[in-house]
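There are 2 protein chains.
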Amino acid sequence: MSAVRYELIKKCGQTGARLGKVHTPHGSFDTPAFMPVGTQATVKGMSPEELKGINAQIILSNTYHLYMRPGEDIVKEAGGLHSFMNWNRPILTDSGGFQVFSLSDLRDIKEEGVTFKSHIDGSKHFITPEKAIEIQNDLGADIIMAFDECIPYPCEFEYAKKSLERTTRWAKRCKEAHKNTEKQALFGIVQGGIYKELREQSAKELLELDFPGYAIGGLSVGEPAQDMYDMLECTVPLLPEDKPRYLMGVGSPDYLIEGALRGIDMFDCVLPTRIGRNGTVLTSQGKMIIRDAKYARDFTPMDPECDCYACQNFSRAYIRHLLKAGEVLGIRLTTWHNLRFLLKLMENVRKAIMDDRLQDFRNEFFEAFGYNKITK
Amino acid sequence: MSAVRYELIKKCGQTGARLGKVHTPHGSFDTPAFMPVGTQATVKGMSPEELKGINAQIILSNTYHLYMRPGEDIVKEAGGLHSFMNWNRPILTDSGGFQVFSLSDLRDIKEEGVTFKSHIDGSKHFITPEKAIEIQNDLGADIIMAFDECIPYPCEFEYAKKSLERTTRWAKRCKEAHKNTEKQALFGIVQGGIYKELREQSAKELLELDFPGYAIGGLSVGEPAQDMYDMLECTVPLLPEDKPRYLMGVGSPDYLIEGALRGIDMFDCVLPTRIGRNGTVLTSQGKMIIRDAKYARDFTPMDPECDCYACQNFSRAYIRHLLKAGEVLGIRLTTWHNLRFLLKLMENVRKAIMDDRLQDFRNEFFEAFGYNKITK
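Protein chains in written order, with the UniProt record's numbering: chain D, 1 to 376; chain H, 1 to 376.
Be careful, since some hints might not be right.
The list makes no distinction among identical chains, and a pair is therefore deemed to hold if it is satisfied within one copy or across any two copies.
What the hints assert, rightly or not - Cross-link-like lysine-lysine pairs, in silico, DSSO-like; alpha carbons within 27 Å at most:
(1) Lys110 / Lys179
(2) Lys344 / Lys124
(3) Lys344 / Lys21
(4) Lys124 / Lys294
Keep in mind that the hints were calculated from the coordinates and are not lab data.
Required output: the full structure, derived from the provided sequences and hints.
So, in structure tokens, the structure goes:
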């Protein structure tokens, strides 16, 4: 039996979006779900208890970073990632592929694997699909990912095709190398750039390998939104109904809602934590640059509609002061709020599916957030 | 009636140290007390709730910094510092004197006041005793401090004498300028370098002004420990029994205990937060450089005897990883622990006074912490 199981609760009568639950060895999470990113075995600025307090049900951590530092051997010796970082709910680790291709220097891609230099100390490393799985087995996350090549945007058809075919061969090797199927579920990753026939080819090839879940990778990498939606619309219907579907690297409010509308169950992104550290917060009325001088004497909460600790206890003026003064509490509060904003958004998405009105919810949210003004 | 009142609970039969309570408009705190420092209206890395959770009963904030940023007018408009930073327990603000003399450039000391340049933007400012009180009235702390000159160490007798006499004249002007005596208690500051007769002169002059509390300033600025102890031994007996005594800028475990032994009620220092950010933690067995490679695979708590959140939930190996990786949670956890360590130390000091055994406690603590080895 697979380590994770998808339970479909209902489909939205208005849109077909799915409400469900994913059951893992460390408990269940409700879908559609947003997964906060804890790159280096910590969601930047947040404690595990704070994450639980804002209803984070699953987090993601990055294999590439943990392999580099502290090293998967130390995490394994600690009893795995859950124990190391004191998080007893589900964890997903990526394969490291995306970081190898985006962060490291001088990468050299061969059929056998990828040679690259560390972004930390310049040391040389060689990662194969087997090695990516071995590291993830040591880390011990509930969901692990096949090692793939994430191609840039734009990318020629021919290269995208060659790359996805290699990604399929690597996925097969990952599956063969995976030793811990009872406790960790290995997901395959559909690639293919923005070419419909390549997405279809990739999905079909991966389906033959029968993974317990499927991700859609290589999107939200700079392509127009409509291209992403098109790719989802041609790929999702090919994926099995009884398995979770994960859209990688997506976390802006519009993409989360549009993804859920198209049948996606899981999302992750550094957006809420990253923009929070830079002083931008998400509110029910749109983005707010809290560092702006106009908030210097604004003693209202960042988002009066928000139930988070930051909005319940501190003013825009105070948080602006903390950020201007370089104080840690400032980035803690903006991060806390942004994560809660997206997790609450997903709660609302799930409720809208339950109530058969996700399209209405989408329209109301877009109007209030200001997306309609932006796109006009 | 003064805004604060000191209640003597008992004296240690073994040492004469005092156990007491200070009552303020925002509640009481037990003494001897350590006050965590929240320079910029935040104790670095900590939320107000976390501070309450480790039994911080009063905190200190810095007038100089708040005057510079965000400006005392904004804090006043927020309803004062308690409201601005969401801390409803007692607060003490210093006068800004120490920072004017230690942080700013090109200061020019005249009888009327001090001209100096901001450490942030180089802007020119002129602070008088009256201005220091006006700013502190706007900030609204429960205890505010007279504007003094904190002389460096070493300092010639003649300058130290001239300076303390000006500090007395400034203290008189501060008292006359203080408009909010019902809600804020103004403390005088005894100066005089390491000269006994000057300390005595300063104390006597200030006593004539009848402040509701007295601080001892200009110590722990580089002089040998014995000089500090000598100054306490000649100054404290001159101070009134029915008012709180505050030793400024002191926060190492040995100084806290030795100060309490000599009749001090209040202490403050950036030491626990500052060394925590640099990766040094205080433990019952002495200081620990948690960044050291030897802790890379040490899965025990920082201090197995500690009851703080960090020690109850995370290992040395994990915290070391966080610090090496530059993660905010790392400095949060070391800060949290160090503050709890000192606040717990003060709880133990108070218990030892209650049990008439502060000298025994001092000897046991020094032995376990390793101070005896260091001084041998």
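Quick rundown of the hints versus the structure:
Taking the closest pair of Cα atoms, Lys110 and Lys179 come within 27 Å of each other only inside a single copy of the chain (24 Å); across copies the shortest separation is 77 Å, beyond that limit. Taking the shortest Cα distances, Lys344 and Lys124 never come within 27 Å of each other, neither inside one copy (42 Å) nor across copies (47 Å). Taking the closest pair of Cα atoms, Lys344 and Lys21 come within 27 Å of each other only inside a single copy of the chain (17 Å); across copies the shortest separation is 44 Å, beyond that limit. In this assembly of identical chains, Lys124 and Lys294 lie within 27 Å of each other by CA distance solely across copies; the values are 25 Å between and 49 Å within a copy.
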